[in-house]
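Student: Residue numbers (this note's numbering), protein chains in the order written: chain A, 1 to 351; chain B, 1 to 279.
FYI, nobody ran anything at the bench for these hints, they're computed from the structure.
Here the structure is a predicted model, which means the values were calculated and not measured.
All C-beta atoms in this analysis are idealised placements derived from N, C-alpha and C, irrespective of residue type, glycine included.
Treat the hints loosely; a few may be bogus.
Claimed, not checked - Here's a subset of chain B near chain A, in silico, CB distances under 10 Å, partners left out:
hint, residue
1, D73
2, L104
3, F107
4, A118
5, G127
6, A166
7, L169
8, G172
Claimed, not checked - Residues of chain B placed beyond 10 Å of chain A at every Cβ, according to the derived structure:
hint, residue
9, S40
10, Y171
11, A213
12, G219
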Amino acid sequence: MTDLALEKAGTATVRRLSPAPFGIGALLIVAYGVLPLVASEYLFDAILTPFLALALAGLGLNILIGYAGQVSLGSSAFMAVGAYAAYNLALRLPGLPFLVDILLAGLVAAAVGLLFGLPSLRLRGFYLAVSTLAAQFFVQWVFNKVGWFSNDSPSGIVTVPPLSVAGLPLDSSAGRYLFALGVVTAVTLAVWRLVESPTGRALVALRDHETAARVIGIPVLRVKLLAFAVSSFIIGVAGVLWAFAYLRTVEPAGFNLDRSFQILFIVIIGGLASLRGAFLGAALIVVFPLLLSRLGEALLGGLFDSGVLEMSQRIVLGLLIVTFLIAEPAGLTALLDRAWSRIAGRFRRAG
Amino acid sequence: MPAVLSEPFVSPAAGSVPSALAVEALSLSFGGVTALSDISFAVAPGEIRAVIGPNGAGKSSLLNVVSGLYRPDRGRVWLGGHSFAAVPTDRLAKLGVSRSFQNLALFKGLSVLDNVAAGLSHRLRAGVLAQVIGLPAARRERAEAQAKAEELLAFLHLDGVRDRPAGTLPYGMQKRVELARALVARPRLLLLDEPMAGMTLTEKRDLSGHIRAARDDLGTTIVLIEHDVGVVMGLSDRIAVLDYGRLIADGTPDQIRNDPVVIDAYLGVAHDLEAGEGI
Numbered sequence: 001m002t003d004l005a006l007e008k009a010g011t012a013t014v015r016r017l018s019p020a021p022f023g024i025g026a027l028l029i030v031a032y033g034v035l036p037l038v039a040s041e042y043l044f045d046a047i048l049t050p051f052l053a054l055a056l057a058g059l060g061l062n063i064l065i066g067y068a069g070q071v072s073l074g075s076s077a078f079m080a081v082g083a084y085a086a087y088n089l090a091l092r093l094p095g096l097p098f099l100v101d102i103l104l105a106g107l108v109a110a111a112v113g114l115l116f117g118l119p120s121l122r123l124r125g126f127y128l129a130v131s132t133l134a135a136q137f138f139v140q141w142v143f144n145k146v147g148w149f150s151n152d153s154p155s156g157i158v159t160v161p162p163l164s165v166a167g168l169p170l171d172s173s174a175g176r177y178l179f180a181l182g183v184v185t186a187v188t189l190a191v192w193r194l195v196e197s198p199t200g201r202a203l204v205a206l207r208d209h210e211t212a213a214r215v216i217g218i219p220v221l222r223v224k225l226l227a228f229a230v231s232s233f234i235i236g237v238a239g240v241l242w243a244f245a246y247l248r249t250v251e252p253a254g255f256n257l258d259r260s261f262q263i264l265f266i267v268i269i270g271g272l273a274s275l276r277g278a279f280l281g282a283a284l285i286v287v288f289p290l291l292l293s294r295l296g297e298a299l300l301g302g303l304f305d306s307g308v309l310e311m312s313q314r315i316v317l318g319l320l321i322v323t324f325l326i327a328e329p330a331g332l333t334a335l336l337d338r339a340w341s342r343i344a345g346r347f348r349r350a351g
Numbered sequence: 001m002p003a004v005l006s007e008p009f010v011s012p013a014a015g016s017v018p019s020a021l022a023v024e025a026l027s028l029s030f031g032g033v034t035a036l037s038d039i040s041f042a043v044a045p046g047e048i049r050a051v052i053g054p055n056g057a058g059k060s061s062l063l064n065v066v067s068g069l070y071r072p073d074r075g076r077v078w079l080g081g082h083s084f085a086a087v088p089t090d091r092l093a094k095l096g097v098s099r100s101f102q103n104l105a106l107f108k109g110l111s112v113l114d115n116v117a118a119g120l121s122h123r124l125r126a127g128v129l130a131q132v133i134g135l136p137a138a139r140r141e142r143a144e145a146q147a148k149a150e151e152l153l154a155f156l157h158l159d160g161v162r163d164r165p166a167g168t169l170p171y172g173m174q175k176r177v178e179l180a181r182a183l184v185a186r187p188r189l190l191l192l193d194e195p196m197a198g199m200t201l202t203e204k205r206d207l208s209g210h211i212r213a214a215r216d217d218l219g220t221t222i223v224l225i226e227h228d229v230g231v232v233m234g235l236s237d238r239i240a241v242l243d244y245g246r247l248i249a250d251g252t253p254d255q256i257r258n259d260p261v262v263i264d265a266y267l268g269v270a271h272d273l274e275a276g277e278g279i
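Just chain A, with the same shape it has in the complex (with noise of 0.2 Å):
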């Protein structure tokens, strides 16, 4: 009985029509094959690393509001601690290899987002969003305040020391986009892992129905606090990211409410509850605006100044996210699965 329903769990998964396989290894072909060959100084640094760093930052918030049902709106607040527990990991323990200080950074995140995530043992939904948001404004106040953080840099802000590893310097601007596309596949893989293990099922068990989980023994408490700790850790290392292979500097103001929106705004816009939401928000937020100002400026720049065109871009990209979120709430992900399913029905009519 037992072999006979492992062997039907084998034909079923077969049977599948999946198109993620072959269009995962063309995005990694062209992500490490292509894109370093072919891509401008410009395209890394404006548009690549910073969509690496936001897309990780964006998969780790998954975790928590996608998968576990918590909310959560002081993610900047963690991509902060990751990004200046890595400066003073190398600042100061100049011999540890870079990879530990970016595993420490995330696990110094993970223990900040533990903390703050205690309130979600007793409040939820839109309360403890608001607790959430402690985490913000008071991460945010520790790092201008406290001036050791900062090395006692008088401006506040800090220049962080060059990107190697192992040796190997990745000071150029196709070297920083290699290495974060190399932390980001491998946190991607282990996300992957984690959402598929019964562990990431009991997360969404947690999210539809908390009392049929606890009813059925999972372990509600410990795995709302495990939430909480692995989205720290995932968006404290896209802290370390955006610090140290995107910005090269760190400072408080970086990390406000509005980097913490963005990145909610990527969880939504993408889809709640998938990995490629991430990465499709992701690119949304950060080339959209960019795309925008171009269009600006090529139609409209001899007419008004460049503060009205950008106030002007804000408010045109609010209102296609508003727009957006009407027409599809589950977001882009489920957009590209309709226009899929499409595409192979149209394949299967005419093969």
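We have chain A already, so just place chain B on it with the hints.
Tutor: For chain B alone, kept in the frame of chain A given last:
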């Protein structure tokens, strides 16, 4: 800890066999409203016990006390030889107790198979890192859980929908998935809160068959709340009747059918029942 209840409560019906479930002098009130008042009864192992009564009689409150979601003001609950002033919900599955809910309580975003496999969560030992890395022990216990879930799907004729998200299934089928999730851990005691509410006659007949099979094939003791008196009379070994939070009768279907107090409070005039079983 009261010394009075130092020995397991023994069901009068079961002789010397310890009961699968016993409640002793349970009382519960919300604010000024009494939900349960001084309720005692015992369910013998392997019994199918129905709890009936008008709306608001305290049936769901009783199940919620037994599963630890409510803490009673007074009284104790006996489960498998242990006595509790408040049942620890987190340990319910380990105690061999599972339940379904009056309103659907499935994990809508998970597949049918994952919903049912989740019923074995309390048996998983592997840590999250072991699962992510895919260590052999983690892989083995997951495969075992899935195989057991597949068996349950076959048992309840759900194998055709194993990969569908549970939230997309029709109502009656979702009820059956919930039963599968409750049964997959092979509980000693299964609590069902209106498992047939909103079902068609055919669906009710099927589900009755499944419930009886769970008892006959898996040896599960079953306590169910149900409004359909026809179904209850045919399915249960014994019936407990609640009214305004009090236990007004406890007996075999025949005894209950002819109990003047029950007829007065709940069943209505006796000849109605005899004319049409399925009210």
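Student: Taking the hints in turn, state whether each one holds.
Tutor: Tested hints:
no.: 1; hint: D73; verdict: violated, 21 Å
no.: 2; hint: L104; verdict: holds, 9 Å
no.: 3; hint: F107; verdict: holds, 4 Å
no.: 4; hint: A118; verdict: holds, 5 Å
no.: 5; hint: G127; verdict: holds, 9 Å
no.: 6; hint: A166; verdict: holds, 9 Å
no.: 7; hint: L169; verdict: violated, 14 Å
no.: 8; hint: G172; verdict: violated, 19 Å
no.: 9; hint: S40; verdict: holds, 24 Å
no.: 10; hint: Y171; verdict: holds, 16 Å
no.: 11; hint: A213; verdict: holds, 16 Å
no.: 12; hint: G219; verdict: holds, 18 Å
Hint violations for this structure: numbers 1, 7 and 8, all remaining hints satisfied.
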